[in-house]
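Visitor: Below, each chain spelled out in residue letters.
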Amino acid sequence: MAIDLKDRITDIGPPHYEQFLPPVIKENYGKWKYHEILKPGVLMHVSETGDKVYTIRAGGSRLMSIKKIRMICDLADKYCGGHLRFTSRHNIEFMTTDESKIDEIIEALAELGHPVGGMGKSITSIVHTQGWIHCHSAATDASGIVKAVMDAIFEHYANMDLPAKCRIALACCLNMCGAVHCSDIAILGVHRRPPIIDHKNLRKVCEIPNVSASCPTAAIRPATVEGVASVEIIEEMCMFCANCYTVCPALPLNNALNDGVSLWVGGKVSNARQEPMFSKLAVPYIENEPPRWPTVVNSIVNIIDVWRKDARNYERIGEWINRIGWPNFFKKTGIPFQKEHIDDFKHAGLTYKRSAHLTY
Amino acid sequence: MAIDLKDRITDIGPPHYEQFLPPVIKENYGKWKYHEILKPGVLMHVSETGDKVYTIRAGGSRLMSIKKIRMICDLADKYCGGHLRFTSRHNIEFMTTDESKIDEIIEALAELGHPVGGMGKSITSIVHTQGWIHCHSAATDASGIVKAVMDAIFEHYANMDLPAKCRIALACCLNMCGAVHCSDIAILGVHRRPPIIDHKNLRKVCEIPNVSASCPTAAIRPATVEGVASVEIIEEMCMFCANCYTVCPALPLNNALNDGVSLWVGGKVSNARQEPMFSKLAVPYIENEPPRWPTVVNSIVNIIDVWRKDARNYERIGEWINRIGWPNFFKKTGIPFQKEHIDDFKHAGLTYKRSAHLTY
Amino acid sequence: MAEKTSETPLLDELEKGPWPSFVKEIKMAAETNPMGSDLLNLLERSYREKICHWKHGGIVGVLGYGGGVIGRYNDLPEEYPHIAHFHTMRINQPAGWYYSTKALRTVCDIWERHGSGITNMHGSTGDIILLGCHTDALEPTFQELAKNGFDIGGSGSDVRTPSCCLGQSRCEWSCYDTMAACYDFTMTYQDEIHRPAFPYKWKFKFSGCPNDCVAAIARADISFIGTWRDDIRMDKDAVLEYADRGLDIQKDVVELCPAKCIAWDGKELCIDNRACVHCMHCINVMPKALRPGTDTGACILIGSKAPIIEGAFLSSVIIPFFKMEPPYQELKDLVEEMWDLWCEEGKNRERIGEFIQRVGMGNFLEAVGVEPVAEMVAHPRENPYIFYEEYFEEEDEEEEEADE
Amino acid sequence: MAEKTSETPLLDELEKGPWPSFVKEIKMAAETNPMGSDLLNLLERSYREKICHWKHGGIVGVLGYGGGVIGRYNDLPEEYPHIAHFHTMRINQPAGWYYSTKALRTVCDIWERHGSGITNMHGSTGDIILLGCHTDALEPTFQELAKNGFDIGGSGSDVRTPSCCLGQSRCEWSCYDTMAACYDFTMTYQDEIHRPAFPYKWKFKFSGCPNDCVAAIARADISFIGTWRDDIRMDKDAVLEYADRGLDIQKDVVELCPAKCIAWDGKELCIDNRACVHCMHCINVMPKALRPGTDTGACILIGSKAPIIEGAFLSSVIIPFFKMEPPYQELKDLVEEMWDLWCEEGKNRERIGEFIQRVGMGNFLEAVGVEPVAEMVAHPRENPYIFYEEYFEEEDEEEEEADE
Ligand code: SRM
Ligand code: SRM
Ligand code: SRM
Ligand code: SRM
Ligand code: SF4
Ligand code: SF4
Ligand code: SF4
Ligand code: SF4
Ligand code: SF4
Ligand code: SF4
Ligand code: SF4
Ligand code: SF4
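Chains as they are written, first to last, in the numbering used here: chain A, 1 to 360; chain B, 1 to 360; chain C, 1 to 404; chain D, 1 to 404.
Bear in mind the hints are in silico, worked out from the structure with no lab data behind them. Any given hint might turn out to be false.
[Stated by the list, open to error] No more than 25 Å apart at the CA atoms, straight line, and that leaves these computed lysine-lysine pairs for BS3-like:
hint: 1; chain 1: C; residue 1: LYS347; chain 2: B; residue 2: LYS346
hint: 2; chain 1: D; residue 1: LYS323; chain 2: A; residue 2: LYS331
hint: 3; chain 1: A; residue 1: LYS31; chain 2: C; residue 2: LYS288
hint: 4; chain 1: C; residue 1: LYS288; chain 2: A; residue 2: LYS52
hint: 5; chain 1: C; residue 1: LYS347; chain 2: A; residue 2: LYS346
hint: 6; chain 1: A; residue 1: LYS39; chain 2: C; residue 2: LYS251
Computed from a prediction, not measured in an experiment: that's the story for all the values here.
Same shape as in the complex, but just chain A (with noise of 0.2 Å):
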């Protein structure tokens, strides 16, 4: 394909913001003085200058089509003079001067198929990633957990009955895109299963020195294989990290039978009260089971009902856990402790339990 140089336009960067402001918020910006939620999913802002913009957030599924963005856009247009933004969490903000139209927004957007919600002490979108949709490197789906889980939470979404905030997230696989590795809850997808070496085609693929410098725990050395150069596998060290499948084709790990979930909790990553905390491992694995993965969905279920009944307010789920000590958490929750709970990476030793600080 010709491509014709001389018109050829690069490095724009993206458009400036200011041209897609409300009008409100460019007269106000820099100007609010507070906020009040006004009911779950409408939230009112103050500025100095005396002016007030109502904010309602709408669940977005993130995948959308081009179809949905128009039908979204003649809201705006109707309600919104046109403007409308999304939030870091998937979600779709409309704004708007007029109090008396947040009702009518919330229905037209209720016969769109997006109900309003996610504010205060609530679940809001679930962070996630591609799934089966589009990445090689999958483990599980994104979107069919997501939906799953959101419908079964939903109240928790629509209501702000929750003793706080609680972020979930999901990533398809130990690459973890997105802040998995700092939500309430991660559902996180894992392999289980060593690559299965393509040898006929590694050399061809691959680079053999690169792919056994690629895998963190040395598991993988170069080998001849039925004749030809390949590598083999040391399959009790290997941590199923994938590392070595992104640098070389030839190693996938994807397997149907082995693939699925393992779960997370306590993470969060806010300043607000304690410091930002890593989640931590609660549930080591759960098969992949489309299309509603139900032993997924209760398990969460589970554990928001557990901290939801024992937290004091204003405690997410980590500052809960904190409080009440893990084993507690695993107690109260019903899940099983296992070797696999128990780290073993490279700072493992700062995990173990380093004082006689227990409850009984």
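Got chain A sorted already, so can you dock chains B, C and D with the ligands onto it with the hints?
Guide: Frame of chain A; chains B, C and D with the ligands shown alone:
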């Protein structure tokens, strides 16, 4: 020397403790009910049986001549029915059931040069090691600094005038004999110059592969030097741990010009309130200043003074710092923060400040 | 009877329930574009077989750019020919994800002409993801987008599209103008976004306050988190109003303050601002009564990333407080200093966070010319393995630098 | 004029001041034994030159024992001939460091006859240290001591002399009989104390309660820390007495409770014992009012050590609660199980704590037959690098053990 094997006694273990217990201790063993500190260095334990025992704790110098031990035995014979004990921190305890004898015992101890104190919210004896008195590895003396420091902070030994207990320990090299690594204040002898290799003798006294293997940073490599098999050391990889010297006498690290002392703060052992903690680096290096190490002494006096004035009741040094934050510790004590304070060993990353929780 | 009513019975299950359904979205796209129906069918197959059908990506892209397109081919191209090529294009979102419907419609129109009509609004890094493009369509899509003001983001070892919270545009807590900063850095580093030249990826994220609504501390090689140095502003009447309305200030604010620096006697709230660690909690609970101070700026942190391969990191403090004023020259100088060092000494696929950990924070600071300060550490070292750098020699009694 | 009044002007400085002076002690020893004066002079020289004059130890000892004597020679034997040999003998202290004056005098008499007359009461591990012995005198000293009931402790790769807090002998908080346990373990492992056969040293320490007065958690390969499972015993009147005497219970007790499980309304103290983490603080502050419960035992932790070479460790929980009843057979079985594994697979100079870290706690537990429980970790893993041990094969759909 001929050894008579017939009557030789071995593997008898220590004498059974029971024979050494004062009668009141034996009779009330396991029946104690509560205690009170009557005044500095004097403890009263009350038994379920109504019995009481008074304990007078005298500072020990740890290094003791048999002459002194005999004098102390005389004292114990006179006042304590011929019994006494030592504590886990080298102090000497005299027990009596006769409250009226307490002051006499204190006076008699004073005559022997052994002051009474070290209980409750005070500083007790400094746990320490051999230093130049006996160890080949010592980067500083032990008993000398300990004496100088105790003289300077004696008021806090003799009075209970601190926010909480303060436990000081000294180790004369990185082997850290003693619980130096978990002390409120730790004094640690440090080498700062890589081993000076005795090429001529190395091969004779050590096995070269063992020597190379002993270095945790792989700074040591076999090499032929001036015609003899020996090793070479990549100086900028040396962190002065002396592990090679422990394994091989031909690699001495002791060095008059470069050896000295580092100070560490904020450790604790007990589970009371906060969990046990390691001490952290406060002052990376102070040169050896025998006989009274004034810079070490002044630095410690300063840290104790700042803590004493700033801490809340029951806050040990580490707990106090955990509340005010390390930046404030450095600010308030005036100790400069340097590159050396930033960890660069295996788990270094976990010591970086991974949040925006800062004071300004 | 052999023919079932639907070809995607498993996926159809995911049309049920209150949450918006991505399956419905794919079906909408499929109405007008066969890529959509191929995708639907292939996904149904994945649901049946419990495995994905995408091959390891190849290198595809647009002329002169080294990233921004993720190549993707399915492993059954005969059966699903319309998505034999199914690349994604990462398109820079506008800062704060604000759009006019006009701009959005333009993107839709272009994507209708050239691609699958399926998008992600947005990807995890923040880009508009155009999902499903044939190799031949990449360049025309790009040029049409460019003519309409949109550009491609990053992938591979380059700067990724920076992102930010909505900041001062609608949030009263934003301690600097996140959208302005994000835009400015994005424009300054166009070359680094489009032409990968680093050991690995580099992400900028900007949050206006310590609530960190873009999760900057968890997933940016450099994280700018707004904060303030002076006192929390307080409206005493509004405090009482919250108390009157039933807020248990003692339990819900005072006792949760991590610095334990708030006191409340039922009438007055007292904050020891020198002890405050700027966590935002009290402000979050009483937005009408409390606000960050007016001496505002950002705490700048470095090095967060996902777990591959050293384990996940959170960013760590490198500049405790910085007045975020354009053109941010000092910051850019520092960023470039860090890049130079990392490019010179970083290993392939080594993120800056891993690099710092490998060479040591102290050495890193020295190399980029930043003074160590106590704010950079949670606590000083616990181990005694200090690399003292100089020693005296017997001969001269002079301090010598150990050669490095 | 050339002759100074004292030969040890530097050390003399350390005779001043209120704290007991070790210099005076050496001088006392020097009165009757030339080893003392040689030591004094050599130390003065070290003070002048800022360096020690001891050579790396050689292997010396008593017949049939592999440890307990630290060989020491000075590097200037011509000048300091009496301490050319200056070994130390480590003698087991009695549990709890109680003595009769008779026994102590006996030790002194023996040491007067054979050694320098200088001791450490006691060494850091807990032994009586007889400081300064000629090689020839080792065996006679040992045999005389043995005849009087004393034995030699450990050094090198063996079990070191166990030690304990004074426990129930004088402390109301002791949750088990520390002295009995310490004595029992010491006697059981005589062979392991005297004949080194391990990869490295092994230390037992016994503390009666979580105050941990022998610092067991910081410096024992296995640490026994007393604790209780039932409720803290409370004397309500005594609580009020403390309050009356001016104790600020809210500030000094309630607010410092790490479990935040105490409430005080000015009249009654309420403890949520299921949330209590058994830290001892409230009990420490009000010993007359509060006491540990009566269902007592010990929390057993493993693996602490000084920093060489992996960095210092604290011991970590291996048995959350154990009823400490003689003959402690289950514990001894576990200890021996651990020794077997460590001897088999430990590297030379690798402490058990380092060994566990290297092979992984999970694998270690499996090998010694202990079930993993959540009490063993501060928190579960944060990284996703799980060694799943089994997987299904396509052919059989059966779960297969990956061969190890
Ligand atoms: C719109 C959005 C920013 C954006 O530029 O897109 C946003 C907007 C607001 N955030 Fe946020 N946050 C947004 C993502 C986040 C994230 C990032 C994430 O979840 O990935 C975080 C960090 C989460 C974490 O810690 O794991 C975040 C942590 C907070 C917090 C701290 C909560 C806590 O207690 O830990 C607050 C304070 C509060 O809600 O009281 C907050 C408060 C707010 C306020 C009240 C700020 C304001 O004055 O306007 C905004 C509405 C709150 C609400 O939804 O309840 N925002 N907020 C993001 C909406 C996401 C969504 O669609 O649900
Ligand atoms: C599209 C996206 C997921 C999504 O559905 O939103 C994505 C998709 C991929 N990521 Fe990612 N990453 C995406 C955001 C992230 C994030 C989140 C972020 O940027 O805030 C992270 C974690 C933060 C970080 O950078 O560490 C992330 C961490 C990774 C990693 C691990 C990097 C590491 O240092 O640990 C890899 C592996 C790699 O680079 O080889 C990776 C690799 C990949 C690749 C290119 C797969 C590969 O191995 O080649 C995925 C292509 C999938 C596909 O077929 O489209 N992706 N990736 C996100 C980009 C969309 C966008 O531009 O807006
Ligand atoms: C005698 C001795 C045990 C022994 O068998 O020898 C002992 C005896 C007592 N300790 Fe201890 N402790 C002894 C070493 C320790 C140690 C070990 C050490 O320092 O190396 C610790 C851990 C230190 C640490 O955490 O770093 C220790 C931490 C405690 C604590 C916890 C203090 C805290 O707040 O952290 C208490 C409780 C208290 O004092 O309130 C305590 C309380 C006690 C009591 C009150 C127990 C009792 O009811 O009898 C005893 C007298 C207290 C006093 O001296 O104030 N004892 N105590 C040790 C005396 C050492 C000395 O001569 O000074
Ligand atoms: C005598 C004593 C110090 C003292 O003055 O009290 C001592 C002295 C020595 N220790 Fe120690 N250690 C002594 C208690 C300790 C302790 C404390 C304890 O046992 O509670 C520790 C820390 C706890 C631990 O075990 O980790 C300790 C950790 C070390 C280490 C580092 C071990 C490690 O794994 O990190 C070494 C190095 C080695 O083993 O090669 C060491 C090595 C040594 C050697 C044998 C030097 C060597 O490298 O060969 C020292 C002989 C000095 C001498 O000339 O007498 N010593 N050593 C202590 C024994 C007295 C006793 O039996 O009562
Ligand atoms: S998390 Fe893994 S599988 Fe999912 S999109 Fe990212 S790289 Fe692909
Ligand atoms: S998956 Fe990871 S651990 Fe396993 S062989 Fe590949 S690179 Fe090594
Ligand atoms: S700390 Fe070092 S120098 Fe001091 S006694 Fe122990 S091994 Fe010897
Ligand atoms: S002192 Fe330690 S780091 Fe230095 S060469 Fe010797 S073993 Fe290696
Ligand atoms: S990070 Fe702070 S400034 Fe930005 S949107 Fe969130 S709360 Fe507002
Ligand atoms: S911002 Fe956080 S630390 Fe500061 S006063 Fe408020 S709650 Fe306390
Ligand atoms: S550890 Fe506990 S039981 Fe032992 S002496 Fe100390 S306070 Fe008493
Ligand atoms: S023992 Fe410690 S944790 Fe338990 S109630 Fe008392 S102070 Fe709280």
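Visitor: For each hint, tell me whether it holds in the structure or not.
Guide: Against the structure, the hints:
1. C:LYS347 - B:LYS346: OK: LYS347 (chain C) and LYS346 (chain B) at ~19 Å, within 25 Å.
2. D:LYS323 - A:LYS331: Within the cut-off at roughly 22 Å; holds.
3. A:LYS31 - C:LYS288: Holds: LYS31 (chain A) and LYS288 (chain C) sit about 14 Å apart, inside 25 Å.
4. C:LYS288 - A:LYS52: Cα-Cα ~14 Å, so holds.
5. C:LYS347 - A:LYS346: 20 Å, holds
6. A:LYS39 - C:LYS251: 24 Å, holds
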